[in-house]
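A.B. asks: Chain by chain, the residues:
Protein chains: 2
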Amino acid sequence: MPDVLDPTLSARLKRDDAGLVAAVIQQHDTGEVLMVGWMDDDAVRRTLTEGRVTFWSRSRKEYWRKGDTSGHAQYVKAASIDCDGDALLVQVDQVGAACHTGARTCFVAGGDLGAVVGERDPQDDGAPHATPQDRDQQDEENR
Amino acid sequence: MPDVLDPTLSARLKRDDAGLVAAVIQQHDTGEVLMVGWMDDDAVRRTLTEGRVTFWSRSRKEYWRKGDTSGHAQYVKAASIDCDGDALLVQVDQVGAACHTGARTCFVAGGDLGAVVGERDPQDDGAPHATPQDRDQQDEENR
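Just so you know, the protein sequences line up as chains W and F, in that order. At position 54 of the first sequence the residue is numbered 54 (the UniProt record's numbering), and the sequence of numbers has no breaks. At position 105 of the second sequence the residue is numbered 105 (the UniProt record's numbering), and the sequence of numbers has no breaks.
Source of the hints: derived by calculation from the structure; they are not laboratory data. Glycine is no exception: its CB is placed at the ideal position from the N, C-alpha and C atoms. Incorrect hints may appear among the rest.
[To be verified] Here are the simulated DSBU-like pairs of lysine-lysine, each with C-alpha atoms no more than 35 Å apart in a straight line:
(1) F:61 to W:14
(2) W:77 to F:14
(3) W:61 to W:14
(4) F:77 to F:61
(5) F:14 to W:14
(6) F:61 to W:61
(7) W:61 to F:14
(8) W:77 to W:61
(9) F:61 to F:14
(10) F:77 to W:14
(11) W:77 to F:77
[Unchecked claim] Quick list of simulated restraints, FRET-style, between CB atoms:
(12) W:62 to F:4: 31 to 39 Å
(13) W:122 to F:17: 36 to 44 Å
(14) F:15 to W:61: 15 to 23 Å
(15) W:124 to F:103: 13 to 21 Å
(16) F:42 to W:17: 17 to 25 Å
(17) W:50 to F:42: 25 to 33 Å
(18) F:14 to W:124: 33 to 41 Å
(19) F:93 to W:3: 40 to 48 Å
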């Protein structure tokens with residue numbers, strides 16, 4: 001296995017000030033969003049090549065292969081990168097609970113926030129209101 | 001509507017150095033992960049109270065209510081916080097494409113990374129290998 005992240009992919013990553021990208025972990029068959037973790041280049045490389053998810057622990061400043069202590073491993077099924085390179089989506093087979101609390105997901109553990117529900121206007125077909133492109137996000141990509 | 005984020009929720013947020021948390025946006029009925037955006041306290045407040053998702057644009061340093069330019073609004077169906085307060089999961093009804101490229105999701109736009117697939121040991125029932133708690137993530141929460 002290569003011990004350096006593919007340079008083409010490395011060039012696409014937009015890291016935060018700590019050198020990390022966000023990794024959204026999703027159960028591959030049910031679609032549940034299990035947790036969000038953080039990865040530096042080497043955690044990305046390990047996750048893409050070892051069949052198991054590895055994060056960078058921001059608190060302990062070390063690699064953390066999910067499940068090595070708890071048994072709650074995440075087996076990688078697929079991984080993709082977003083359009084601007086600051087987030088990954090990793091689809092996994094989660095053994096047991098994703099959350100250290102014992103909850104299936106970290107969002108079940110953290111809890112619902114009671115958001116006001118919005119309703120789509122039945123007339124709204126998604127046609128642009130101003131321009132044919134979402135300039136906002138386009139700008140975002142160019143940061 | 002209140003114009004300050006609920007102090008109890010504010011106290012739970014673990015912001016990055018820029019004062020932001022990650023927001024995972026998921027289509028409420030299909031489970032598709034559409035995109036990841038960033039929110040400061042006021043973007044969280046707006047998202048929870050206005051029925052539409054608002055982000056903080058890191059590049060333009062301004063609020064960005066998804067769809068105001070493109071028409072591709074995100075109507076909030078539910079929102080939750082993770083166990084350590086550094087990520088939100090917002091379930092939405094996405095009008096049209098979530099991505100400025102026209103792709104349904106930003107991860108479809110960014111593309112698959114060809115990860116090596118991992119396989120769960122059929123004997124692996126998720127029983128702890130070392131301790132009954134996932135000490136790694138527990139430490140993470142205490143950062």
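A.B. asks: Range hint 15 to 23 Å: satisfied by the CB atoms of residue 15 of chain F and residue 61 of chain W?
C.D. replies: Roughly 19 Å apart at Cβ, these two residues keep to the hinted range, so it holds.
A.B. asks: Looking only at beta-carbon atoms, does the pair residue 42 of chain F, residue 17 of chain W fall within the given range of 17 to 25 Å?
C.D. replies: Taking Cβ atoms as reference, residue 42 of chain F and residue 17 of chain W lie about 21 Å apart, which means the hint holds.
A.B. asks: Within 35 Å, alpha carbon to alpha carbon, are residue 77 of chain W and residue 14 of chain F?
C.D. replies: holds, 29 Å
A.B. asks: Is the Cα-Cα distance between residue 77 of chain W and residue 61 of chain W 35 Å or less?
C.D. replies: holds, 26 Å
A.B. asks: For the pair supplied as a hint, residue 77 of chain F and residue 61 of chain F, confirm whether the alpha-carbon distance does not exceed 35 Å.
C.D. replies: Holds, at roughly 26 Å.
A.B. asks: Just tell me: holds or violated, for the beta carbon distance of residue 93 of chain F and residue 3 of chain W against 40 to 48 Å?
C.D. replies: holds, 44 Å
A.B. asks: For the pair supplied as a hint, residue 61 of chain W and residue 14 of chain W, confirm whether the alpha-carbon distance does not exceed 35 Å.
C.D. replies: holds, 20 Å
A.B. asks: Take the C-beta atom of residue 122 of chain W and the C-beta atom of residue 17 of chain F, compute their distance, and say whether it sits inside 36 to 44 Å.
C.D. replies: holds, 43 Å
A.B. asks: Is 25 to 33 Å respected by the C-beta to C-beta distance linking residue 50 of chain W and residue 42 of chain F?
C.D. replies: Given about 40 Å between the Cβ atoms, the range is violated.
A.B. asks: Going straight from one Cα to the other, do residue 14 of chain F and residue 14 of chain W come out at no more than 35 Å?
C.D. replies: Status holds; Cα separation ~21 Å.
A.B. asks: For a C-alpha distance cap of 35 Å, please report whether residue 61 of chain F and residue 14 of chain W respect it.
C.D. replies: holds, 17 Å
A.B. asks: Look at the Cβ atoms of residue 62 of chain W and residue 4 of chain F and judge whether their distance stays inside 31 to 39 Å.
C.D. replies: With a Cβ separation near 38 Å, residue 62 of chain W and residue 4 of chain F satisfy 31 to 39 Å, so the hint holds.
Hint check: a violation occurs at hint 17 only; the rest are consistent with the structure.
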